[in-house]
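From just these sequences and the hints, can you work out the full model?
Those protein sequences? They're chains A and B, same order as listed.
Each residue of the first sequence is one higher than the one before, starting from 1 at the first, in the working numbering.
Each residue of the second sequence is one higher than the one before, starting from 1001 at the first, in the working numbering.
Rather than coming from a laboratory, the hints here were simulated on the basis of the structure.
For glycine and all other residues, C-beta sits at the position ideal for the given N, C-alpha and C.
Misleading hints may appear alongside valid ones.
A few chain B residues that don't get close to chain A, going by computed Cβ distances all over 12 Å [what the hints assert, rightly or not]: (1) 1011; (2) 1078; (3) 1093; (4) 1096.
Residues on chain A that point at chain B, a partial pick, calculated with CB under 10 Å [stated by the list, open to error]: (5) 41; (6) 43; (7) 65; (8) 71; (9) 73; (10) 90; (11) 102; (12) 106; (13) 145; (14) 147; (15) 150; (16) 152; (17) 153; (18) 156; (19) 158.
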Amino acid sequence: MVELASWLASLPFSQALRKLNWLVPWLQIIHILANGLILAAVVMIDMRIWGISRSQSSIAMARRFQSWIWAALAVLTASGILLILYAPRRLLTDPTFQAKMVVMGIAIAATVALQLVLSGPEMSQGQPGRRPQLAGMLATLTLALWVGVTLAGRGRWLTLMIMR
Amino acid sequence: MLSLKELMGWIESTDVAMLISQSRGWFPALEMIHVTATTFVFGMITIVDLRLIGVLPRGSAVSDLYRDVIPLTWAAFMVAAITGGFLFMSQAVAYSTNFAFRMKFAMLALVALNMLAFRRFVYPGIAKGDHDAPLPFAARLAGAISLAGWIAVVSCARWIAYLMI
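This is how it looks when you write it as structure tokens:
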């Protein structure tokens, strides 16, 4: 990981990026906003599956939230990659950051699973699938994972506390 | 009469403020929760804003979406406000003179006024209305102001740390 960080840091693009100091806060803002859209979209889909949504009738709405997740994830990834290239050594070697990447991988897998549940024929009648409890748990898990990813985004202090 | 700076100095010297500013863990832990709660608030508000502007499919009544979104959003906002209050206390003098911090609260005041005006004058007319009818200009304007205002709140908030010494 240290070698990868060094190699990334040595890339001309990465070096050019470091000269654009003013870009970093803007990238962070975009990163945070995209993260918020993912959290909100997951909650809106979850409310449908938990059965506590009032706007259940709108399948179009739920479909829209699914596409939001992937659009926001694209923005999140693009801004995230630029932020990594800006400071590869600090981020890639940070255990909190590494944990965040792992949790995000699981969160994306859970989101795909949730999407399959939602696109099942049962959901069209406003009812979760054959095993509603399983779907409900998957919905909760997906949300918890994405909240975890968001928390980890401001979690570098944990590394500093542990490494003290 | 206590000056603003004296008041802020006193806030900073309280036991709670000292606990947060002197420890290694309290400030970043509170900040982590504050940022996450704020991030969530932004995302949820954006859903309502985009419905008002007309980007989201109409399909369901504004009042149904409102009742889905608003309770959770207020809960998260309260978490952000409480953690934010503690963060502020720990460095009250520096924050109260921080330009980005002041702008953030100006923007929060803007979105609050916008929300009050929307609830008072626009919402009653559209809440129960025809699901598929286009919303009036006032509703779309309120949504646009809210969306722009919240993006500004988050942007200013991120900028606070860059203006701290």
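How the hints compare with the structure:
1. 1011: Fine: 23 Å to the nearest Cβ keeps residue 1011 of chain B off the interface.
2. 1078: holds (16 Å)
3. 1093: For residue 1093 of chain B, whose nearest Cβ neighbour in chain A is about 23 Å away, the distance exceeds 12 Å, so it holds.
4. 1096: holds (21 Å)
5. 41: Nearest chain B Cβ about 7 Å off; hint holds.
6. 43: holds (7 Å)
7. 65: holds (8 Å)
8. 71: violated (12 Å)
9. 73: Violated, about 13 Å.
10. 90: Because about 16 Å separates residue 90 of chain A from the closest Cβ in chain B, which is outside the 10 Å limit, the hint is violated.
11. 102: violated (18 Å)
12. 106: Interface hint status for residue 106 of chain A: violated (18 Å vs cutoff 10 Å).
13. 145: violated (13 Å)
14. 147: Given a least distance of 7 Å, the restraint on residue 147 of chain A holds.
15. 150: holds (5 Å)
16. 152: holds (9 Å)
17. 153: At 7 Å from the nearest chain B Cβ, residue 153 of chain A passes the 10 Å test, so the hint holds.
18. 156: holds (8 Å)
19. 158: holds (8 Å)
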